[in-house]
Amino acid sequence: MSKSSFSLKRRLGYFLLTIILSLIGYIAVIVTVLPLVSPFISSMGLVMSATDSTDDLKTGSIFEPKVDLAEKDTVNEKDIVMPVYGTHYAKLEIPALSVSVGLYFGDSSQVLKKGVGQYIGSSLPGYGRPILIGGHNNGAFNALQRVKVGDTVAITTNYGVYQYRVTGTSVADQSDKSAYDLSQNKEQLILYTCYPFNTLGLTNKRFFVYGDKISGPEIVTD
Amino acid sequence: MKKKHLSQAISVILSFFIMVCITVIAVSSCLAATVFRKDFFSGLMDDEYCQSVMESLTDTLKQKLSAPSNIPEEVFDNLFSFYFIKDDIKSNLNAKLVGIESGYNNERVREYVAEQIKSYAANNNMEISEDSLNPLVDYCMEEYDNHISFIFLDTYLSFRNVFDKAFTYILIGFSAIAIFLTLFLFSIHKYKHRAVRFCACSLFASSLMIVPLPLFLLIQGGYKNLNITPEHVKLLLVEVADQTLSGLLLTGLLAAAAGVAATLITKRMRERAKKGQHNY
Chain A
0 MSKSSFSLKR
10 RLGYFLLTII
20 LSLIGYIAVI
30 VTVLPLVSPF
40 ISSMGLVMSA
50 TDSTDDLKTG
60 SIFEPKVDLA
70 EKDTVNEKDI
80 VMPVYGTHYA
90 KLEIPALSVS
100 VGLYFGDSSQ
110 VLKKGVGQYI
120 GSSLPGYGRP
130 ILIGGHNNGA
140 FNALQRVKVG
150 DTVAITTNYG
160 VYQYRVTGTS
170 VADQSDKSAY
180 DLSQNKEQLI
190 LYTCYPFNTL
200 GLTNKRFFVY
210 GDKISGPEIV
220 TD
Chain B
0 MKKKHLSQAI
10 SVILSFFIMV
20 CITVIAVSSC
30 LAATVFRKDF
40 FSGLMDDEYC
50 QSVMESLTDT
60 LKQKLSAPSN
70 IPEEVFDNLF
80 SFYFIKDDIK
90 SNLNAKLVGI
100 ESGYNNERVR
110 EYVAEQIKSY
120 AANNNMEISE
130 DSLNPLVDYC
140 MEEYDNHISF
150 IFLDTYLSFR
160 NVFDKAFTYI
170 LIGFSAIAIF
180 LTLFLFSIHK
190 YKHRAVRFCA
200 CSLFASSLMI
210 VPLPLFLLIQ
220 GGYKNLNITP
230 EHVKLLLVEV
240 ADQTLSGLLL
250 TGLLAAAAGV
260 AATLITKRMR
270 ERAKKGQHNY
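Top to bottom, those sequences are chains A and B. The first sequence finishes on residue 221 if you use numbering that gives the first Met the number 0, and the numbering steps up by one all the way, no holes. The second sequence finishes on residue 279 if you use numbering that gives the first Met the number 0, and the numbering steps up by one all the way, no holes.
So here's chain A without its partners, still in its complex pose:
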């Protein structure tokens, strides 16, 4: 064997020794440390994302009112496209106050930036149960300060037009559950917004407007 090939072989040997030592080291680390850190590694997926996180809830719209929304007494539930959280599903109008605003299913701050939002623990129009709708007092619901008993509120959905007559108003603390009753067997419309109007600061009070149903199809099931 020549001197140079022997030297090359020796150098290769030590190079391989370096690789083998590091590989054995990696195996030792994986065997001993991985069981300890694997729960941490798996939970990293909760705080890592491929893209920047945003709070952007995609609020789509299913609102496509039919031109010939005839006066029907009933509408079958299976013919209704049910909204999901954040969906624009109706239009709310108060002609006396020149209010016309999109009605969304859900009442997150993102939804309330776009229109007024229905509390998802209340019913859709037509189910004969209370409907609780909130909005900002510096937006569409600023006009509620001028509402009077007898004014009408119209909610137009894909499956029918519902009319409500204002029966009264009240001011209550935001945590006062006696201000409204969602368990009653009556289709009462309850609109609410922050109170007082047109002042600077945070308020714990809410202004409520109550309305009884005048007309609109009842939702029935087979």
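Treat each hint with caution, since some may be false.
Simulated DEER-style distance windows between Cβ atoms [said to hold, decoys possible]: (1) A/I29 / B/V237: 23 to 29 Å; (2) A/I119 / B/L170: 55 to 61 Å; (3) B/L249 / A/R10: 25 to 31 Å; (4) A/N184 / B/D76: 48 to 54 Å; (5) A/I19 / B/Q62: 42 to 48 Å; (6) B/L170 / A/L35: 19 to 25 Å; (7) A/E63 / B/D76: 52 to 58 Å; (8) A/G127 / B/D76: 47 to 53 Å; (9) A/I119 / B/L253: 58 to 64 Å; (10) A/R10 / B/A32: 31 to 37 Å; (11) A/E70 / B/D76: 51 to 57 Å; (12) A/G127 / B/E110: 52 to 58 Å; (13) B/V161 / A/S37: 19 to 25 Å.
The hints are simulated quantities; they were obtained by calculation from the structure and are not laboratory data. Glycine is no exception: its CB is placed at the ideal position from the N, C-alpha and C atoms.
The hints should help you fit chain B onto chain A, whose structure is shown.
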């Protein structure tokens, strides 16, 4: 021949353990010099960080309060004093480092915020009452407290305390083991350059263990996609990761450099051994 093979085998085993010792010493020294350094966080919480805290605080209040209430966004511009924020961040950090829960006086900030809001209301002919002002100031102060504090600080401090206690023992213990193993390695080789060569292999292997992961993370940058709010906390954590990974990479490269030096020494010693000058 058998004795030679036995000597080689023992040398490989010793090299492995020397590599382990070098790796442990290098990594722990790097951590002691970077993330677990006493003034590490106070160095990161500079003017730029304080400015990002102020911006994050303002944006948070605008998002959380402006739309839901009848409060124009302009109210929250210049609501807080940069000086107060900088002072309180440092006071809070220093307090936490010595185990005190909170180290700043938020009354002066509260008064300042209340005055700013009243001033805005007066300048814009808006009504304001104590009943509506106090909840607003309370909410602003709650967000202020959240932004001044660094939520991961308690976790970091617990890790650092453990590390501080263990570091000295790690350093002394593994250094002693490494020295012992090296002396043993030298004792089993007639020609000492062979022992130095095995030490060089250990240094290179240690470098191979330390360098790849930090290098991969620094290039890939996956740790920059932390899904954490507020933004200034995310930026601070990314900076911590940056500095720590860079430190580890540098440590690995230093180990490689030491390996190169050992290789050159080996060459020199071998030449001398060949010339018959020494048993090198």
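Verification of the supplied hints:
Checked against the hint of 23 to 29 Å, the C-beta distance between A/I29 and B/V237 comes to roughly 27 Å, which is consistent with it. In this structure, A/I119 and B/L170 meet the distance hint of 55 to 61 Å, their C-beta atoms being roughly 60 Å apart. For B/L249 and A/R10, the hinted distance range of 25 to 31 Å is satisfied, since their beta carbons lie about 27 Å from each other. As the Cβ distance of A/N184 to B/D76 is approximately 50 Å, the hint placing it in 48 to 54 Å holds.
About 56 Å separates the C-beta atoms of A/I19 and B/Q62, a value inconsistent with the hinted range of 42 to 48 Å. About 22 Å separates the C-beta atoms of B/L170 and A/L35, a value consistent with the hinted range of 19 to 25 Å. Between A/E63 and B/D76 the beta carbons are some 41 Å apart, a value that contradicts the proposed interval 52 to 58 Å. For A/G127 and B/D76, the hinted distance range of 47 to 53 Å is satisfied, since their beta carbons lie about 49 Å from each other.
One distance hint, 58 to 64 Å for the beta-carbon pair A/I119 and B/L253, holds here, with the actual separation near 60 Å. At about 34 Å, the beta-carbon gap between A/R10 and B/A32 stays in the expected band of 31 to 37 Å. Between A/E70 and B/D76 the beta carbon distance is about 53 Å. The supplied range of 51 to 57 Å therefore holds. At about 54 Å, the beta-carbon gap between A/G127 and B/E110 stays in the expected band of 52 to 58 Å.
Take B/V161 and A/S37: their Cβ atoms lie about 20 Å apart, and the range 19 to 25 Å holds.
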